[in-house]
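**Student:** All chains, please: the whole structure from these sequences, using the hints.
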Amino acid sequence: MGFLSSFFKSSENSSDVAKNRLKLAITSDRAVCSPELMEQMKNDIIEVISKYVDVDTEGLDIKVTKTELDDMSGTVNAVLANIPIKEGSRNFRK
Amino acid sequence: MGEVIVITSGKGGVGKTTTTANVGTGLAMLGKKVVLIDTDIGLRNLDVVMGLENRIVYNLVDVIENKCRIKQALIKDKRYPNLYLLPSAQTKDKTAVSPEQMKKLADELKTEFDYILMDCPAGIEQGFKNAIAGADHALVVTTPEVSAVRDADRIIGLLDANDIRDTHLIVNRLRADMVKDGNMMSSEDVVEILAVDLIGVVPDDEHIVIATNNGEPLVGSDCQAGQAYMNICHRILGEEVPFLDLEVTKSFFQRFAAIFKK
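Heads up: the protein sequence lines correspond to chains L and Y, in order. All letters in the first sequence, in the order written, are residues 1 to 94 by our numbering. All letters in the second sequence, in the order written, are residues 1 to 262 by our numbering.
Careful: at least some of the hints might be erroneous.
[What the hints assert, rightly or not] Computed, partial: chain L to chain Y, Cβ under 7 Å:
(1) S14
(2) S15
(3) K19
(4) N20
(5) A25
(6) I26
(7) A78
(8) L80
Rather than coming from a laboratory, the hints here were simulated on the basis of the structure. Even glycine gets a Cβ: it sits at the ideal position worked out from N, Cα and C.
**Tutor:** Below, the structure is given as structure tokens:
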């Protein structure tokens with residue numbers, strides 16, 4: 001037993017492992033929103049952007065996802081929106 | 001006017017029913033008029049933990065369906081005359097009751113009792129919705145394990161979405177020796193993750209098993225769990241009570257036990 005416990009102590013504490021895993025899991029749990037809410041947000045975003053440019057609603061992709069921070073210090077949840085502008089449209093109306 | 005407290009957790013088996021029995025009994029010992037409601041329809045358990053399983057005549061569903069008056073279904077505790085249990089039904093399921101009916105029942109009981117404790121079933125479905133319907137406050141029970149803490153976070157989110165903002169955390173079955181060795185999250189760790197106010201830390205105490213075997217809540221007794229539960233009751237009444245120093249006593253026991261292990 002003595003050998004085993006000294007073996008385990010050399011690695012990271014299991015309570016720290018648990019804490020770090022939980023923090024990540026809970027952060028992504030909390031970021032999950034219902035499909036209806038997602039759809040609503042999507043429509044609102046399209047509405048705003050359409051005031052300025054013609055948006056290609058077919059190729060539109062909006063999602064909540066984990067993304068690396070700029071300074072590489074970890075990950076955060078972010079709304080990622082890929083909103084293509086319609087080909088041939090006159091961009092930036094104003 | 002009484003207060004309705006729901007005891008919930010998300011995950012099963014973390015000690016909701018034991019907590020309900022002990023906190024309810026503790027509040028009654030402190031002179032409050034208390035009723036405990038088992039809202040786990042189909043999986044009745046609070047009655048056996050309280051040692052009142054032989055006295056059931058009517059149950060929660062009978063009251064909701066107007067088959068009896070509330071007073072007829074309430075079971076008076078063996079030891080405290082100001083403590084009552086409204087047992088759950090064993091042969092029905094969660095759909096026998098609606099959140100609106102539970103809220104109405106809670107509002108009626110508020111006129112009679114100081115505290116109405118709702119023992120919530122595990123999960124986040126109908127049974128959970130029934131249990132929280134009339135609640136003013138929530139006690140979220142968790143153990144220092146990843147699965148229980150994650151579920152507690154979901155529950156806290158759902159309580160918040162249902163406008164129950166007065167939520168407090170109970171960290172149950174803490175083993176100070178394991179925390180010390182870095183092999184169990186501490187209550188501070190759990191509080192940091194869940195970002196909710198702590199109202200009690202209950203140690204993993206074999207006296208709980210014995211008390212449950214006997215159908216007698218151990219709140220107020222000499223053991224650490226008994227003291228921890230009584231402290232929670234004092235805090236519910238708004239008193240400031242320092243948290244038990246579990247570390248010292250436990251490590252002493254550890255050293256003691258270690259001698260025998262060798």
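**Student:** Please go over all the hints and tell whether each is borne out by the structure.
**Tutor:** Cross-check of the supplied hints:
1. Residue-level restraint check for S14 of chain L holds (minimum Cβ-Cβ distance to chain Y is 5 Å; threshold 7 Å).
2. Of the supplied interface hints, the one on S15 of chain L holds, with its beta-carbon coming within about 5 Å of a beta-carbon of chain Y, less than 7 Å.
3. Given the 7 Å rule on beta carbons, the hint for K19 of chain L holds: about 5 Å separates it from the nearest Cβ of chain Y.
4. For N20 of chain L, the interface hint is violated, since its Cβ never comes within 7 Å of a Cβ in chain Y; the closest pair sits about 10 Å apart.
5. With a least beta-carbon distance of about 6 Å to chain Y, the hint placing A25 of chain L at the interface is held under the 7 Å criterion.
6. The interface hint given for I26 of chain L is met, as the beta carbon of that residue sits about 5 Å from the closest beta carbon of chain Y, less than 7 Å.
7. About 20 Å separates the beta-carbon of A78 of chain L from the nearest beta-carbon of chain Y, more than 7 Å, and the hint is not met.
8. Taking 7 Å as the C-beta contact cut-off toward chain Y, the hint placing L80 of chain L at the interface is violated, the least distance being around 23 Å.
Checked against the numbered hints given earlier, this structure breaks hints 4, 7, 8; the rest are met.
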